[in-house]
Structures are given as C-alpha cells and as structure tokens.
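Engineer: Chains as they are written, first to last, in this note's numbering: chain A, 1 to 281; chain B, 1 to 378; chain C, 1 to 332.
Among the hints, a few may not be true.
What the hints assert, rightly or not - Only pairs whose alpha carbons sit at most 20 Å apart, straight line, appear in this in silico EDC-like list of lysine to aspartate or glutamate: (1) B:Lys-169 with B:Asp-16; (2) A:Lys-183 with B:Glu-117; (3) C:Lys-221 with A:Glu-165; (4) C:Lys-221 with C:Glu-139; (5) A:Lys-239 with C:Glu-172.
Think of the hints as simulated: they come from the structure by calculation, not from any bench.
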Amino acid sequence: MTRAATLERRWGARAWLLLVYAFLYVPILCLVVFSFTAGEITTQLDGLSLRWYAALRHDDELGAAVRLSLQVGALAATAAVVVGTAAAVVLARFRPGAGSGVFAAMATAPMVMPEVVVGLSLVLLFTHPMLQPVLGGRGVAAIWAAHTTLCAAYVSVLVQSRLREMDRALEEAALDLGCPPWKVFFVITVPVIAPALVAGWLLAFTLSMDDFVLAAMLSDPGSTTLPVLVFARLHHGLKPEINALATVIVVVVSIAVLVANRVMQRAQRRRRAAMHAALRG
Amino acid sequence: MSARADSAPHFPAEPDYLRIEGISKRFDDALAVDNVTLGVRRREIFALLGSSGCGKSTLLRMIAGLERPTAGRIVLDGEDLAEVPAFRRPTNMMFQSYALFPHMSVAGNVAFGLRQERPRLTREQIDARVAEMLELVQLQRYAARKPHELSGGQQQRVALARSLAKEPKLLLLDEPLAALDKKIRQHTQLELVSLIRRVGVTCILVTHDQEEAMTMASRIGVMSEGVLLQVGTPDEIYEHPSCRFTAEFIGETNLFHGRLEDGRLNGSDFPAPLAIAAEAMPAPGTEVWLSVRPERVVLGRQPPAAVNGNVSINAAQGEVDEIAYLGSHSVYHLRLGGGGRRMIASVPSAHWGEASAPARGERVWAWWLAPDGVVLTR
Amino acid sequence: MSSGPAAPVPAPPRRPFFLLRGRFWVASLPWAWLLLFFLLPFVLIVNVSLSTPDLAVPPYVSPFSQPQAEGRPVFPPAFNPDLGSYRRLGDEVADLARPGAELQYLRAFGNSLLLAALTTLCCLLVGYPFAWHIARSAEGTRNTLLMLVMLPFWTSFLLRVYAWMGLLDSSESGLINQALLALGLIDAPLQLLYNSGAVLIGMVYSYLPFMVLPLYANLVKLDMRLLEAARDLGARPWTAFVSITLPLSWRGIVAGSMMVFIPAVGEFVIPDLLGGGGVLMIGRRIWDDFGPNQDWPMAAAVAVVMVLLLIVPIMVFHRHGGRGDGAGEAGP
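Chain A with its partners taken away, still in its complex shape (with noise of 0.2 Å):
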C-alpha cells in the first residue's frame, strides 16, 4: 500500500471515530450546557445561573428517590453478586448433568429478555394471590429481587469467563497442600477473580440504579426510585432541573470511571515494571 493510501485511511478512521464519539456526546454536552440556564426553558440559555442546582437541592421528593435507588442499588448489586458468582462456578466449574442445559439458558436470558417481559411476569409472581403472603407483594423488596435477577445474569457472565481464564492448577495446587474445597474458594478463588467481582458489583449497581421498567412496575406509592421520579415528570413538563440532575450524574459518574481507570492502570504499570525488573535481575 502506497503511503498517501495509508494516510487517508488513518485519517479515514480518526473521521469515523470523531463522528460517532459527536454522536454520542453531543446529545449530553446539550444537556450540562443548558443546565446553566436562568430561564425556565431547556433548550435555550436565557442567561446563566445556578438556580437549576439549588432547586435540585431543595427538592426533597428527589432526594429520597436517589437515596432510595442508591440503596436498592447496592443491596440488589451485593445479592446479584453472591448469586451471578454461584451460577458462574457452576456454569464454568462443575461438570455438566443434567438440566445444566436450562440452567445456563436461564442464567444469561434475563440479560437479553425485553424488559417489559420481565417485569410482567414478577408482577403477576409477586401479586399472585398464593404468593402475595410470602413475598409480600409489590414494593421496595419486589424491585430488588428483580434487580438481582437482572443483575446476577450479568454478573455471572462476567465471572464465568473470568473463572474459564483462571489456572484451575491453582485451586488445585491449594488442595492438594491440605486446604478443604470450601476454603479453597475464599482464600483462593476469590481473591483471584476479585477484579471481576469489583467490576460486576459496579454494574449490578448501575444497571439498578438505571432500571426504569422493572421499578415501574414492581412500585407501589411508597417506593419511587430516581427513574421512576425522572419519567413521571419527563411526562409532566420538562424543566432545566433535571439538566441539572443529568450534569451531577455525569461529573459523578466521570469522577468514577477515570478514578477507576487510572487505579486499574497503575496497577498494571506496576505489575509490569516488577517483571522487568525481575527478568534483568
């Protein structure tokens, strides 16, 4: 290939980036710049004030929907985990018999299962009239039992291939110096696939607390999540209020995800730098 061919094509490519990464972005930048505004309209900078971000302030209804949807969030995160992880061992570990087939059908469907399906069927589960008594019907707990499913499915994919890259020798190696299988699984297992427990909990976590269909349907009057609030006033006159809400959700979220990032990178940088140093040496 010439070189003029090759520079078209890298710059080709960096067109082709730039213009997705428009797409994706500048919807969101709309957002955060006309959470600025003063005037009551959200699409149109009527001078600039922070009035958006004290009224978000003092919103109380809001406030107890985040705190809500914080909290379902990391119950039904920490549940997904402790499920999603024993489908994934059993998916990725213990030899097939039978019904495995339905089992990992089970286990990964509720990811690709449209959502509307989903929670009709935990409605009709939690307000059966045999059922109600012992699940005690729509609510804060129904919302969260649906999560974890949810949630769970993820986590166990992202477990399960983390389990499939894992030197099963070292469970093994582990065994065969005396430590019973259950230990094994803490003191081994565990620490091993940590990064994928970490990284499933932080999207069990996100996936809940952006669930909106699930909540919907599964709330009564006492449980309004954050989604549940923002779609019911989406519907009921839009105001630059919940650009501000978008904005703190974004810088948050960024905050997060570079902390994150650059934590997960040092750790490799590290890493790397000890294997040179120990090659050399």
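Based on the hints, put chains B and C in the right spot on chain A.
Structural biologist: Same frame as chain A, but now just chains B and C:
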C-alpha cells in the same frame, strides 16, 4: 513391581512404598488410564514417561486425589487412599504451571500448606519451616516478593519449596521443567535430583522428555495410550525395550519386521535373513521385530571380517543417502539394496581415522553383531 | 506389564450422599433463585394469558378453579382456559386482508420487529467500523477510547433519551431546529420529534454500546497477520475483509446483533418518549394493557407471543454469543 523385581537386584526384596493396583480412568468415552499396576519403593525417583495424552498426568492426578479413579486402588505406606480426599492426602504436587498463588508472597506460598495443618502449627514453627525451605532452594532474599516478580527458574524453586514444606510422603512432579528454557533445564535437572535425594522424599515425576526421565529417575515407566508398557531402570529400558513403542520412543532405532524361520528372521526390511541371538528365541513362525540401535551398527568400506566364535553377523551393502554431522558423531541414513529399505547408523567421528568419511552416494557396508539386536514380539 | 496378576480389582469409592456434598449447596442457591424469579414467573405469564379479565385485585380470574366437595378442595383442580386474549390476536390475523381493519396488535408487532431490525442494522453499520478502528488503535489509547464508549452508558438512560427530546423538539426552540433556522437552511421548524425516525435515532443511540463491545472484544483478538497474509497472497482489501475479517468476527456480530435486537423488540421507554402517540410498538401495548387498560390477560398473551417470536434469536444468542467470547465483555 513383582514382575520386574528380579531385574533390579540392587533393591532387595523391600516392600513397595506406593502400590497402584489396577487403576483405570474413563473420561466420557475415552479410557485415559487402562488398568495400570505399579509399585514404587521408598526414596525412589520414579519417572512416568510418555507422549502428551498418554495418561501419565491423569495417573499422577489420581495419586494426588485430584481425579477420581474409575476402578482400582492406590495404597501409600500401607494406607488405602481411596476414601481420602485430595486435601487430606500425604502427597504434594508441583504443578506444570507451578500454580503459585499470585496474591501471596513467596513466603506466603511456602507457608500455605503449613497453615492448613491440623492441629495448628504455631507461627514460630511455620516461620522456621518456611525459612528452612527457602534456604533449601536458596531464595531467602526473595521471601517478600510476589510470584510474578520472579524469573521462571526462581518460580520453579518456590513451587518445589512449597510442595516439600509439609514433608509429604510422596512428592509428585508434573512436567517439572517443561516451562523452563532449554539452557537452564539441563542444569536444573541435576540440581533438582540432588535436592530430592538430600530431602530423601519418594518422588514420582511425569515427563514427555526421555532425556529428562533418564537423567533424573532411578526407574522409568513408559506409558502409551493409557497402558503402562514397561518399567525398568534407564539402561534396561534403552538396551532391552520390551516392545516396539518403547524401542522407538526412547532413543532412535532400526526396526526390521518379519517372521522367525530356522532361527532367522525373514522379512522384506533387510536384504538377507537376519541372524538373532539364540537366548531370546520365540517359537518359529512368530511375527517379530528386531530393534537395532544405530550406535550398534558399524560402517565400513570393506565387508566385515568374520568374527571368531559362534557370534553371527548381519551385514548388507547400502548407499549413503543423507549424513547428519553432529560433532562427536554423525548419523548416516543408508538405502539398502533397492526399494524402500533404509537404516540409520550412528558413527563416532573418530571412526574413520586418517581416511575421509564416506560421502553422499557412496556405497558402504553396514553390519552388527547378532546379540546387539533385540527381538520384540509386540 | 500393565496388567498384573488377575487380582480382584476393588471398586472405586462411592460418592457421599448428595445432601452432604458442598457442590449441591453451591448449585442450589442460583437454581432456587432462577426457578423462583425467572421460571415460575414465566409459568405464571402463560397461566394469566389463559385467564379472564376481571375487575378485581389482581385483575384476572385464574383458569384453575378449585371446586369444593364436602368442604375440602378437590384435586386436581379444574382447568378452564379462556382463550379470549389469543382469539383477539387471531382475529387480527384473519382481518389482515380486509382493508381498513384496525389491527392494533399486529401493527404494533410489525412496527416493533421492523424498528428493532433497522436499529440492529444501523448499530452494525455504525458500530462495526467504529469497533474495528478502536481495536486497531494503539494499546494505550484503546482503553481510553473504550471507556469513552461506556461513559454515556453509565449515565442515566432516561436522561439520555431526554437529551434527544430537546435536540429533536419540533418547535422553534428545538436545538436542531434552532440550528437549521439560524443557518437559514429552513424557514419553518421541521417535525422531528414524535415519529418513527425519532424513535430509530433514540434506539440506535441507546443500543450502540451493546453492539460495539462484543464486536470490539472479538476484533481485538483478531490476528492481524492473517490479513497481512491475505494481502501478501494478493487479496484486495475488500476481498480480505469478506473472506477473512468477516467470518472470523462472525461470533461478535451475532452476539452484538442479538444483544441489540432482542431487547429492542420489547422497548417501551424510547417509543413512549420520542415516538409520542403516533408510533405504536408492542412494548407500549403491553405497558398500556398492563397499566391504564388493566387487561392483564391480554398483556400476558402478547408477552407470550413476543417470547415465542424471540425464542429463535434468544437461542442463537445463547448458542453463539452468550458465552465469554463476545457477551462476556459486553457487560458494560
């Protein structure tokens, strides 16, 4: 192993320390280990040798308790291991990948097995034992390092120290040197043997490298397709292979196929019927193979002079097809007479003396004494 | 040598009773969870789809009725399915040929499948070269580029859809309309919001990361030497792409496409916010029957039909993409 006990007189009738009786392992449809019976003596270094997938690793894993036998029994020092789970067996294994715990330091790795002991050892006992082990493998300075901060050879020594720390009754080595560079490997082989001898542990090692097995082990078991074909000392296995597989797998050899008639081997692999040593004569009409090691073959420009006594000679004229010069010796590939009959001969470089070595295309004589051929029936 | 004297070979040890095995208990947690919160709910959907709507809580009468004899329930209970909900769907199929038929459910199904297919196609066309270029960029920048794809995904989904409401607003204050008016390209604001086009843009925007990640995970593993070999053997770039890159990245394509298509068919939020009343999609039909209409049997019947329609793509996803290879890293 009773069948071989007579051929190893330097070990008098000591009972087997480890007895493996009729062990088989079936994976789905494949029989990975097929009814293996084997005995290993105390303080012996025993090598299981075979190509990859021959079942040697599966056998080792069954001894360690990592694989459940389909049939058979394993008895170590008088204790039947069948009901003993892996984590309670008095065996320790060094894994091919070393399997060092990446999140623990070198000292942590070595201490891991000691921490599992019940009743518990005190911290002082553990620390002392770890220090002793690290000194044994000369890694005291590296106690605080993480495994990925060590070179391959150092990692191997940590793995060894870890598996020796609990003073196992049986040390299992799974391809102990496969992960090392060829250069370090030869040096490490001897180091490893002297260390195991010093500790005095009984050891089974699994390898696909015949040189490694012959260097390190006092006895070797050759495996193929799940079957244990032959057990013996390295020289027994090399000089007296019991079957074609062993003969061809260990070192190089010339195999001549045919039937026994009138005390000679008739076949199409050699221009003339072959004389064989009288003591190992199977029944006439039997299908046999004659294995002749290349270094037993003599080359010359003249036909061989008659040998005195009743030793017969097998000789044939052939054309030099290919010569591989290897320094101390050269390997000659000969074409015997016409057709596809071929053989190889390994000739010391000093053999030709003042005369020049034969060149490609030259016709030479090749011969060997009848007792140098080994008759194989399978 | 292998078989010693024909001594009786002892039988292997028996495994412990299953309740004493740790594995049983490890497996029982996810099994129990999935049976209770995934499989049982699906059985209930089928059950409710066969029941009669009723003004009660919950708003249906189960097809299972429990006759009493001498004051004690009789087993098995009677099963009287009400096929009314499915009949309504069947009637629409029968009406297909009749001009002017209303066909609310069939049209919704058709719209959903079409829009989901279009979304998948657009995501693939945008995402494939995108993922390719990320996978082929320098190792250091790769992480950053990937993170930039994920970042919008981690912020609120609803708020990103809301952002498009502002961009596409059909009044003069809509951001795109504002820009076009300012540039003098148009005289009157365009009708951008509340149509299928708006829904399509919103769906592509929301689902793009689901396509990019499995594709990236696949393409980054592609051995570039294969392409060099193909070029060395005289293949033109296009031929090399079709005969090497495409077949090797097939699993990523399948995984990504299924992860976009399947949820897109049932999408409810985007059609609701960007489509307005004009774009009827099946996810919204279920939502309306479930919510305002309080016709749970109908919602359940539609859900059952949707799952039946999606069973083939779901199986394909499970077979080809659902394991480690693509979807593993697809977890955003």
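Engineer: Taking the numbered hints from earlier one at a time, note which ones the structure violates and give those numbers from smallest to largest.
Structural biologist: none
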